[in-house]
Amino acid sequence: MPQPDAAPMIEVRNLQKSYGDFAVLRNVSFSVARGEKIVILGPSGSGKSTLIRCFNRIEPHDAGEIVIDGERIDQTTELTRLRCTVGMVFQNYNLFPHLSVLENCALPPRVVKKAGREAAEDLAMNFLHRVNIADQARKYPIQLSGGQQQRVAIARALCMQPSVMLFDEPTAALDPEAVSGVADIMASLSADGMTTLCVTHEMGFARRIADRIIFMDQGRILESAPPEDFFTRPRTDRARDFLSQMIRY
Amino acid sequence: MPGPLSVRTFLWVCLMLGLLAAPGARAQAPSFAAGGLTVCTNPTLPPMTFVNGTDSSDLAGVDIDVSRRLGAYWHVPVSFVSMDFVGLFPSLEAGRCGMVISGVVRQPAREVKFDAVPYQPTSLVVVARAGTAPIAAMADLSGKVLAVQSGTSYAARVAQENVALAAAGRPPIEIQQYPTEDQVVQQVLIGRAFAFVSQDVELAFRQTQLNGKVSVIFQPDYPEFRNFAIYIRKDARDRAALAGAIAALRDSGQMTPILQRWRIIPGGGAQESTARAASGFNWRTFASALVSPAFARGAAITLAMAVLSHLTAIGLAVPMAMVMNGRDGLLKSAIRAYVALFRAAPTLLQLLFVWNALPQFLPVFREAWFTPFLAAWISLSINEAAYQVEINRAALQAIDPGQALAGDALGMTRMQVYRHVIFPQALRIALPSTINEFISLIKTTSLASVISLQELLAVTQINVARTFEFTEYYAAALIYYLLIVFFFLWVQKRIERRFAWADRLKATSHAAA
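Taken in sequence, the protein lines are chains A and B.
So in my numbering, spot 224 of the first sequence is number 308, and the numbers just go up one at a time.
So in my numbering, spot 95 of the second sequence is number 1134, and the numbers just go up one at a time.
Quick caveat, the hints were computed from the structure, so don't treat them as lab data.
What you are looking at is a predicted structure, and each value in this text was computed from that prediction instead of being measured.
Virtual Cβ for every residue (Gly too), placed ideally from N, Cα, C.
Heads up, some of the hints might be wrong.
To be verified - List time: in silico EDC-like cross-link candidates among lysine to aspartate or glutamate, alpha-carbon distance up to 16 Å:
no., chain 1, residue 1, chain 2, residue 2
1, A, Lys-223, B, Asp-1542
2, A, Lys-198, A, Glu-187
3, B, Lys-1183, B, Glu-1150
4, A, Lys-223, A, Glu-205
5, B, Lys-1371, B, Glu-1429
6, A, Lys-197, B, Asp-1447
Unchecked claim - Interface residues of chain A toward chain B, partial, derived using beta-carbon atoms under 8 Å:
no., residue
7, Ile-142
8, Thr-160
9, Thr-161
10, Thr-164
11, Arg-167
12, Val-195
One chain only, chain B, in its complex shape:
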């Protein structure tokens, strides 16, 4: 069949020629973006990456725009995974995303493990409350409190200054680390910290929110803080492809509108100002946060996570407690080891382990079905079950052995004795501690923000980062937590009413009613 074959060959050659003729427009996606570009970012750092509205899945900023341009350049779809800053690099390493772009400066220490490609120049600034006299050198911060974002390289750099200060016999700069950029700024606003360290571009954007409440007092010339970089897993070819793509975007003039849009360079359209009068309690913000879908959704996630995890934990803990109350054996020793291990390890560590370390051992956990919700559910259930086993074991142990004996003597099976005789009585004993654990778990769910679960506190922080209205959003979050906890305390009271049989006086009034 020479005819069709030659036609096909002809078309094929044309296609190849077309690709070669326009390498910029049809660039081959690097391996980390093959089939789709997944981007890890911590959207609390305007104007680089943040949430510019109440919908916490609607990301905005320079980093987001650059990612989208890269996706368009490689003809691949782009998706974003928001998470705590601390989770970014472990997630990159675990293969949860192809690249990290989150206003992270290019840093030699980070390049030991990852490849970095710079995309935006920047410079470090030391910022204090407006009216503070400028300083002449970093050494002038000696003995003062400096706030930095944890997980960033600022702290390590300032620690180097401290070595020099110590050598000179002067007191060190006191470094305080906070998980988000907005909390860092807040420390200066409330006067706990003398200054904070940030990047100039962020500060320029923050100034509009802060109404000039802060000002730059020093601009240290650290060479390693001169560029924001995109980080990828080590791969020379990918690195070259990414650098080429950034250069192509710049050369084709696609970077300029991004920088203008976010006011990093002058020009461009009017950026919607998020500035507000930052004095007093803004009831409008508070009220709109309370009724916003984002907060309701965050609270729903918090509630669902706590309820599901605790139910799973109870489901796991009941049979384990039954084994613990039985004869010694291998299974009992295994459960004892499990309880010891999971009560000893911090919950945060367990979350990070399940989310970031597990995929390194078992690649199936890298796939999309393993969502942050699922990971948090698994971690919190397993963690909570370790505590619940102890509660259930103690409750079962508190039941008079004569109860089981009577059940046996009446011909009940072991399961019937548990179901009809022991569990209903053990429930009364276990309930107060169980509700206590549950209330504690509701608040523990906030840890899951490090693995990018958008629960109530994560939503709160994203909104605070966007607007700097701390009190209003914290208060809104508090209301949600209080509502949830009070609801369950009420449920506890309702259930306890059914335990009147345990109290002679109550039983009498109950029977009379």
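Chain A with its partners taken away, still in its complex shape:
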């Protein structure tokens, strides 16, 4: 059943999750349009990372509903298929150290999508070019800088050709110059219509790439606004406090 473009890419209703007695997500509801770039902000422990990890079911949610591209995500979801649709990039890159840059990118299509070696490597080289790191294809991750490694991690996720990309604090371990490189790539992704959700602590980075900022605290969404509105006219006291803390540093 083809989805009209107007339908949201991600639809979240009353999402709940707790670790034991501690409620991480409390009745979270929002939707993400196709091609939209969302940045999720909030203090540590507000549930940002847990929220996006529910989308590729690395963290299963307890109650509520997640619909991605018209498909409900629950315990019956076929994980391999879901994760081909929803890619993820981590704070610590999590590249496979025993594989070269090229092999890091070619392995997932080969084992998950059963692509042939040559086809997988062509695909990998293509995306390595996209993130400007093709010249390092034969090197091992240990030989690359942090920024280079994160670009490889993005290329690796793109090799699965997802429609949604989740970024879990992708720039937290990077120097400012590298942050700008990653931001360039993320901007170029959405130019191609990729839907992205990004958890970050970098205000400048957030401002630069976001179509919309979602502000979370204590497992709830407190604000959802375009970056200009959020950064200049936050509506809640909690967001104001958060921003003033951030600016002080």
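We have chain A; now place chain B onto it with these hints.
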């Protein structure tokens, strides 16, 4: 059909009459030899039982000849199982063989559990280096070191002397026990022990090997050491049948040539002398041992046993380590108990248990398919897996959880994550400890000689027992062990070269190359 029936009956009666007429020639085999006589022996005790050549399966000696005569007498095939002395009686009890004949003296203590039938008179001798003054009584050994073979009853008998010495306020005889007769003799030759205890017939044979380097200094008159005996499981009828068979062999003059052949009594043909000049290092012996099929075969068995056992152990340990790294549960507790048990119990005990105790619970393990090789393989695998689980668990634990997370997020299944992401990295961490364990296992295989596996060290000891050329054969064995271990260290280096990705400098030079 009266005609054919009466013919058959007639033939049957004739046959029965024939059997009755010649009871000696057609004796019924006792139950322990029904269908074939299997003999357990420790072939390190010439001239009773030993290997008279480089082929360690080619047994010779009085005991071997007597066994063959018994087989012929009962019209059953005879087969021999060689093993360490310590393994003889447990094997008899486990039903691995019908009888033990291995230069074992008749001993009341042993007859509590087994039946003994004497076949050759002997007497105990105390032997010291040539030129030592004879002693007048066992008490004169007070405070001196006496070497005896472990598993024999000599030690217990000497301990009785010590009780008397203690009562008299004198220092005891210091008893040192060694696993083989040749090692016992060696202690005296190198001067560590003052004397050793042996049987006169063995000594007579040894003298030719030793070129008169030792001499008898005392002959204690212990009544319980006057006969060599064949041991069987307790059964009055079998015992009578065996005693009858020995008497029949003696009466028909079949024992004399055996005793003459092995020079226990004078006469008979010239026995090939194994005597050699025992001074200096005999390079010829060393070289011929190195290239002998027996040593090559022993080394091959050692190598095969170590490789197979370790591969099996790794195969068992990997899934166990995966469980150990998962959530708590019944399976995890069971594995933890297994690891604790098999790391705590000595490997030797585990080998003896599998070989000798298992058949008592499960008779299928008594059958011929359960070879020493198989038993050692099973014991060593299970034992080694307990250590390997810990190595693998630690290696898996050392992998950053982010690796599995990334694999998951890329849509890989659990098995694909293990196969492509975790195992290749865990291998690098586990390899050095694993190779260490393997090298240790190569040497542990020598324990399997107690369950009669003819591995490298067993072959060495059999050859030493035959010739008394300790240094030459030990050196040959050492060369084999070194070759095997160095080969695997080289393999380790080769594999580690592939782990350049873990080291920035190496990775750079690797990529440049």
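inquiry  = For a quick check of understanding: which of the numbered hints are violated here, in increasing order?
reply    = 3, 8, 9
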